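Chemist: Sequence:
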Amino acid sequence: MPENFEHFYELPQEIQQEITQYLPNSSLLNLALASKGKFPFFKQLLGAREFLRYVARGQYAKVIEMLEKNSHLLTQKGQVIDCSERTFSNISGFQYALWAMDKYMWDKMIDNLLVNNKFKDQALVLHTQYKEVKEFGVTYTFRGIVITESHFDFQQTIIKELQTQADYMKLSYDGDIKEKERDNHWKKNVGDMLYLLPMHAVYEYCSEKPFKGNVQFTQQPSSFSTRVFTGVVVNGEDQTEEWFTLLKNPNRTHAISKAGRKGAYAKERGVADATDDLAAMNTLFITRTGDFQQLEQKLCLEYSNSIDCKCP
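Residue numbers are given in the working numbering: position 231 of the sequence shown equals residue 231, and the series is strictly consecutive.
Don't read these hints as lab results, they were simulated from the structure.
Please read all numbers here as calculations on a predicted model, not as lab measurements.
Any given hint might turn out to be false.
What the hints assert, rightly or not - Under the rule of at most 30 Å between Cα atoms (straight-line distance), these lysine-lysine pairs were calculated in the BS3-like manner:
1) K118 x K131
2) K160 x K187
3) K248 x K62
4) K69 x K108
As the list claims (entries may be wrong) - DEER-style ranges, computed between Cβ atoms:
5) L46 x T139: 17 to 27 Å
6) K180 x L114: 48 to 58 Å
7) E242 x Q163: 25 to 35 Å
Even glycine gets a Cβ: it sits at the ideal position worked out from N, Cα and C.
Based on the sequences and whatever the hints tell you, model everything.
Modeler: The structure is reproduced here in structure tokens:
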């Protein structure tokens, strides 16, 4: 057994379980390999992390495939690092979907339980975990900073910076703002916030549905793309780059815009399209906030006798 784990099994079982929640995958695997008698326990933990990884990456089909085999993965807590480099050390797949405001993910999760007649078995746990997120939030670490929030903060991230960009654009028409300041805000501030978006919001940006006019977020995009058009054409084909790869680059010269286009496009300058993207992100946030509130009613109504709550 590795030296760091020499006295691990001398600890009470509840403390063992608590410690393993915070171990990185490499340490957890080493501990599992060195403790063959406990391998089923570690296999379960690693399975939960695999499930969480699929949830955080918006891989809906993989999530349902795993739930079909083991419905309890939905509420089992573990550790996950999402595509924006946030580390969640003690969260379930269901709770991550709630935090991300991914309505399509939690709908698919719950519908799968209902179809397989397994919802009632987990109704109380689901309601309890929903309440945990709503009342106490979830905690994660991002680049050394510990953050607790009940959902991804659209308002203080992408909405705030797009609003500033839209304000810059209005002022720049009057010659009051230098182009360099405006464009630096676009590439740095807006770009940084786009990197933080949960996967379902990235899918909306990269979808064929434009952010123009009265945009509604009531239907899931028909494809789950994270590709961004770069403006480069090779052999007659538009080249693309992966969303998080493009935005992670500290020396990037672009942020990403959608506005009236089909798909997402890397743009060097703070274009006027920011107003359309701002309106879309505001609508997405308002819509998903309502969806989150309606979910509590659904959890109560489906098997109200199984959970300790009063349906609104």
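Chemist: Taking the hints in turn, state whether each one holds.
Modeler: Status of each hint after checking the structure:
This hinted pair checks out: K118 and K131 have alpha carbons roughly 20 Å apart, not beyond 30 Å. Distance restraint check for K160 and K187: the Cα-Cα separation of roughly 15 Å lies within the 30 Å cut-off, and the hinted pair is therefore satisfied. Simply put, K248 and K62 have alpha-carbon atoms about 26 Å apart, close enough for the 30 Å limit, and the pair holds. Distance check on the hinted pair: K69 and K108 sit about 15 Å apart at the alpha-carbon level, within 30 Å; holds.
The beta-carbon spacing between L46 and T139, approximately 22 Å, falls within the hinted interval of 17 to 27 Å. For K180 and L114, the hinted distance range of 48 to 58 Å is satisfied, since their beta carbons lie about 55 Å from each other. Checked against the hint of 25 to 35 Å, the pair E242 and Q163 passes, with Cβ atoms roughly 27 Å apart.
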